[in-house]
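Number of protein chains: 2
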Amino acid sequence: MRKGKVLVAGVLVSAVVSFAGEMDDKALLKKARELFKPIPDKLEKVPGKETTLTPALVKLGKMLYFEPRLSSSHLISCNTCHNVGLGGTDNVETSIGHGWQRGPRNAPTVFNAVFNTAQFWDGRAKDLEEQAKGPIQASVEMNNSPERVVKTLRSIPEYVKLFREAFKGEKDPVTFNNVAKAIEAFEATLLTPNSRFDKFLKGDLNALNKTEKEGLRLFMEKGCASCHNGVNLGGNMYAPFGLVEKPGADILPPGDKGRYQITKTATDKYVFKVPSLRNVELTYPYFHSGVIWSLRDAVEIMASTQLGIKLSQDEVNKITAFLKTLTGERPRVEYPILPPSTDKTPKPVTTNMKHHMKGH
Amino acid sequence: MRKGKVLVAGVLVSAVVSFAGEMDDKALLKKARELFKPIPDKLEKVPGKETTLTPALVKLGKMLYFEPRLSSSHLISCNTCHNVGLGGTDNVETSIGHGWQRGPRNAPTVFNAVFNTAQFWDGRAKDLEEQAKGPIQASVEMNNSPERVVKTLRSIPEYVKLFREAFKGEKDPVTFNNVAKAIEAFEATLLTPNSRFDKFLKGDLNALNKTEKEGLRLFMEKGCASCHNGVNLGGNMYAPFGLVEKPGADILPPGDKGRYQITKTATDKYVFKVPSLRNVELTYPYFHSGVIWSLRDAVEIMASTQLGIKLSQDEVNKITAFLKTLTGERPRVEYPILPPSTDKTPKPVTTNMKHHMKGH
Numbered sequence: 015m016r017k018g019k020v021l022v023a024g025v026l027v028s029a030v031v032s033f034a035g036e037m038d039d040k041a042l043l044k045k046a047r048e049l050f051k052p053i054p055d056k057l058e059k060v061p062g063k064e065t066t067l068t069p070a071l072v073k074l075g076k077m078l079y080f081e082p083r084l085s086s087s088h089l090i091s092c093n094t095c096h097n098v099g100l101g102g103t104d105n106v107e108t109s110i111g112h113g114w115q116r117g118p119r120n121a122p123t124v125f126n127a128v129f130n131t132a133q134f135w136d137g138r139a140k141d142l143e144e145q146a147k148g149p150i151q152a153s154v155e156m157n158n159s160p161e162r163v164v165k166t167l168r169s170i171p172e173y174v175k176l177f178r179e180a181f182k183g184e185k186d187p188v189t190f191n192n193v194a195k196a197i198e199a200f201e202a203t204l205l206t207p208n209s210r211f212d213k214f215l216k217g218d219l220n221a222l223n224k225t226e227k228e229g230l231r232l233f234m235e236k237g238c239a240s241c242h243n244g245v246n247l248g249g250n251m252y253a254p255f256g257l258v259e260k261p262g263a264d265i266l267p268p269g270d271k272g273r274y275q276i277t278k279t280a281t282d283k284y285v286f287k288v289p290s291l292r293n294v295e296l297t298y299p300y301f302h303s304g305v306i307w308s309l310r311d312a313v314e315i316m317a318s319t320q321l322g323i324k325l326s327q328d329e330v331n332k333i334t335a336f337l338k339t340l341t342g343e344r345p346r347v348e349y350p351i352l353p354p355s356t357d358k359t360p361k362p363v364t365t366n367m368k369h370h371m372k373g374h
Numbered sequence: 015m016r017k018g019k020v021l022v023a024g025v026l027v028s029a030v031v032s033f034a035g036e037m038d039d040k041a042l043l044k045k046a047r048e049l050f051k052p053i054p055d056k057l058e059k060v061p062g063k064e065t066t067l068t069p070a071l072v073k074l075g076k077m078l079y080f081e082p083r084l085s086s087s088h089l090i091s092c093n094t095c096h097n098v099g100l101g102g103t104d105n106v107e108t109s110i111g112h113g114w115q116r117g118p119r120n121a122p123t124v125f126n127a128v129f130n131t132a133q134f135w136d137g138r139a140k141d142l143e144e145q146a147k148g149p150i151q152a153s154v155e156m157n158n159s160p161e162r163v164v165k166t167l168r169s170i171p172e173y174v175k176l177f178r179e180a181f182k183g184e185k186d187p188v189t190f191n192n193v194a195k196a197i198e199a200f201e202a203t204l205l206t207p208n209s210r211f212d213k214f215l216k217g218d219l220n221a222l223n224k225t226e227k228e229g230l231r232l233f234m235e236k237g238c239a240s241c242h243n244g245v246n247l248g249g250n251m252y253a254p255f256g257l258v259e260k261p262g263a264d265i266l267p268p269g270d271k272g273r274y275q276i277t278k279t280a281t282d283k284y285v286f287k288v289p290s291l292r293n294v295e296l297t298y299p300y301f302h303s304g305v306i307w308s309l310r311d312a313v314e315i316m317a318s319t320q321l322g323i324k325l326s327q328d329e330v331n332k333i334t335a336f337l338k339t340l341t342g343e344r345p346r347v348e349y350p351i352l353p354p355s356t357d358k359t360p361k362p363v364t365t366n367m368k369h370h371m372k373g374h
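Protein chains in written order, with my numbering: chain A, 15 to 374; chain B, 15 to 374.
No lab work stands behind these hints: they were computed from the structure.
Treat the hints with care, as some may be off.
List of simulated lysine to aspartate or glutamate pairs, EDC-like, C-alpha gap at most 20 angstroms [to be verified]: (1) A:Lys73 to B:Glu343; (2) A:Lys358 to B:Asp311; (3) B:Lys338 to A:Glu172; (4) B:Lys73 to A:Glu343.
Could you put together the complete structure from these sequences and hints?
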């Protein structure tokens, strides 16, 4: 498993860089380039993997991403909670799945997620391929099984043909692993390049206005960039929520111990993957609990819980203005045309599981 | 309200045309042209209305069609039940809406629906504009109110701008009526031209094979075309389900009296709008109750309930083969990029209404 750096509670890596007053634009750019990288326009491969993004694989992956028959109800697809028309997410506190059951955490955005060093809030999946298998099987999400997914896809001749084209040379290409591989490949095309911040990083000093530049300076100076750095301004390490000051139980529900639930290591209590701030303007509500709707509020909370500082209203405004420059060009996605089911396709099961379980 | 012809129970308008044995291809085409019309490639206006399909109106309509914030949960859009990637429908018995509540009838396809002379299974909406207002407000579907829809859209500056562009000259364009008008305009672009049957209608005698041509002949000769005619092979008249023989309660649930619930006229009991057969291969399961999954079964049931005849297996096969030639080219739809909410946007209400109502 690829692992990010871990910030251990109590060890505050304070501001990565420190500044003496104002910086000129060129110095600001130089510093920013040490910490951040722009989103590329396009990938040829899944970073760190052998998967080449061939047209056949991406086409199949897009169909599967929008395929409601991956869920037992035939109603929920990846796009339901990771909506490409919104910010690659559903913009509700925590997602609603099979039987209108509420999931435990806020849905992370799919945009640029391929650059995260692990997936899910607790990093329990090493990549998007592994991630894709989770929600399909989770009873509160798509409530399906690998066997039923494979049976469904094998019952539809057009899918069998598409798997053969996407996985050339494989004898039996319609497998659950290949479903996940194809979805990962499509997701690796969901990039949002050319944000104003990226234009700045590429050398256009006028891409940000004065307020936004001051926001960027504060973002680095105050220590936000200690965790939110790299191409995704996050997504590459873990940190305890409440590194300095523990937030209230509404924001950090005591029942969700984060990465501890995976590692069973005491120091991982309330440790979560640092989320990417790419397109943060579009990915409200915030935090794993999804209870904070205002970006300004999120900035203030982070400053106190993670850095132990109180930002002035002016500083909050400037950092928020900077964060809005992280909104990139959203991908253009043509809705896939999905093949019809056949007599052999398993029928949808739309039972409300909650009611079902109560009733029996 | 535009009204289709009504077939009164007991008055069986038997085969529109009668034949003496086989027909040659040219005679078959001539007869077919008297009963059916091809789907046009594109419309400039909503048929029978003043609405011109301007790019600004269609663009806005597409965004609204995919806009989950038209629902109170922010999770359900028009596309949820009328999925443009499938057959313009959801392919489940009856749709699942807010709080995972099950709706009473099977979702009709949106494809080519603009050519129907009325909307909904009971024809209670005269056009798609009127139709669009229904599900947004229905508590088992999107569970929203016109006031909240307007408040939501007015809170998002990009939408205000788009309404101004789509409804030029209107002082206050962000209205619930205009929401419905824009959605209708987009839906009028969701046509499926160039089916093999349409190619035949346009004069390509080889567009159908021998079996399919025999199916078409049987479709006209046996009386199917008495109700399923016109551009949509349906959608232009009403008929009692069980005109000759009443189907079982599983297929025709006694609680749903169809058009009678609207008109309160005794002869309208179990009267429904004749559904379009365009893309019928993609719009399973069948009938307003959505309980029949096989197209062959649907053909057999229609023959007995509506025409009082028993088709041979060979006849069923041929008619089914013909019906599959009604699958057209599905529209290419680029997923719209939706603008973010603001602090003034009403928050989603994801309460499961069933649970909620039980609890209080």
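message: To test your reading of the hints: which numbers does this structure violate?
response: none
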